Amino acid sequence: MASAKPQKPVPFPTPETQHFWDGTKAGELRLQRCDTCEHVYFPPRPFCRECGSRSVSVFEASGHATLYSYVINHRPARGFDGLYAVAVVELEEGPRMMTNIVDSPQTPEALVLDMPLEVVFEPVSDEISLPLFRPAGT
Amino acid sequence: MQSKTVAVVGAAETTEMGTIPDASETYLIADAALNAFEDAGLTAKEIDGVASSSDSPVAIAHYLGITPTWVDGTQVGGCSFMLHVRHAAAAINEGLCTTVLITHGQSGRSGIGRSGRGGAPSSLAGQFEAPYGGVGPTTAFTIPVLRYMKAFGLTHEELAMVAVIQREWASRNPRASFRDPITVADVLESRMIAYPFHLLECCLVTDGGGALILTSAERARDFPTRPVYLLGTGESSESPMISQMTDFTTSRAFRVSGEKAFGEAGITTEDVDHLMVYDAFAHLPIYGLEDLGFVGRGEAGKFIWERNTAPGGKLPVNTNGGGLSYMHSGQYGMYALQESVRQMRGIAPAQVPGAKISVCHGVGGMFAASGTVIFSNEAP
Ligand SMILES: [Zn+2]
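Each protein sequence line maps, in turn, to chains Z and Y.
Take 1466 as the starting number for the first sequence in my numbering and just add one per residue.
Take 8 as the starting number for the second sequence in my numbering and just add one per residue.
Honestly, the hints are just simulated from the structure, not real lab data.
Careful, some of the hints might be misleading.
Output of the computed footprint for chain Y on chain Z, the stretches with three or more beta carbons under 8 Å from beta carbons of chain Y [unchecked claim]:
(1) 1477-1490
(2) 1493-1500
(3) 1527-1541
(4) 1557-1568
Here the structure is a predicted model, which means the values were calculated and not measured.
Each residue gets a CB set at the ideal place from its N, CA and C atoms; glycine is no exception.
With the sequences and hints as input, model every part of the structure.
Now the structure itself:
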């Protein structure tokens, strides 16, 4: 059904990233680990850029993260109302990812670097759910 | 003089700068080129190498009537022209061509005949960054700075001071878009764009262009202007996604490109009289000063605050006013190169007296790529 409001840009998976989006739809945050050197990485790719191995495995991450950095956008954006943070979080397993912080005021006072966060999933289409983060224990 | 040395023998910006509603991007690129031809005292028929980024070098060569034996369409964002200079020097030294035109124009403000851009939703950035409300450089380039502030204690006032000092330089440049002095309070009271960045900590959006002509140093004396020699160049890249930048407090691309250029030039930061650091936002000169080795990690905010980069300071930086005050059409690197060349020719509006070595450092994308060019007005 068409919506009057412009929507967020929706990711279009490729064969190399499909497992990640299948994961978020199923309520799992999936990372990859190199079978050869054990490097854990994101975003998805079918090989390890540390050692070049094509032998890599997908696993479910803990969903725990800390707030690495962010900005609070004051300009109009597709699919967003009011002020909101565009954030980068550091996952417990090491990789970082861009996301939004939910269930929190979008202010410098509330958004403190290194605060603990946990993943939640927001469906944006029938196929795609985005991994977002909220303050841990909320 | 070293046998393999290349010099800039032509340099010019577009006839007008700022808001140019009656010129397409292609014409801005050509206008800059025609002005550079005039500056160098040659015509398109004597050019045999062409480099451009936003428009294809094939299109530009044809538009200007050039028959090239070498083209370079390297497009890595705003520092593309630093890379073009580097590639052109190698091509000239290798005999692939003799006289290279590097040209640029952008209708950044008026949007006349702009080449389209934008990441596909299937790209990694389209999947893993676009859904989170980024609105371009103001929310991407800026994300690292809170981490830097926490790591090193950089204050909001110190960040604002970058814009204040660059406005001081701009006030000395008649072609600068913004020339009225500002204070730290003015910056901090200007409209918030993306916390912690205020309007006056973000670059301008204007129309304009610029062009350079390079040839071998041996031929450089045949041209009417004072030759500006290349001492060394560098380039590198890191990540197309800001979220995947290895360390938000330092740019790997800056470090690698800078080391390469200083190594090739055989100089240290102590030898540098003048520095340009691409400033799309106020934190860029801070990262540039540290990653090029002019100051230690975490020291650049204080270094700028204490007026070392200001008029009268020991290291004049961004003497045209920079992207924050002079102009910024989208790919600012060309204007930084133009100011370095002016300083080395001794004709800059805010001339650094006796300057002999200028370092010009560019960024492409959001810390995605980098290029560094070291110039001198003395033959190596
Ligand atoms: Zn590996």
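Structure-based check of all given hints:
| no. | hint | in the structure |
| --- | --- | --- |
| 1 | 1477-1490 | holds (count 5) |
| 2 | 1493-1500 | violated (count 0) |
| 3 | 1527-1541 | holds (count 9) |
| 4 | 1557-1568 | holds (count 5) |
In this structure, only the earlier hint numbered 2 is contradicted, and the remaining ones agree with it.
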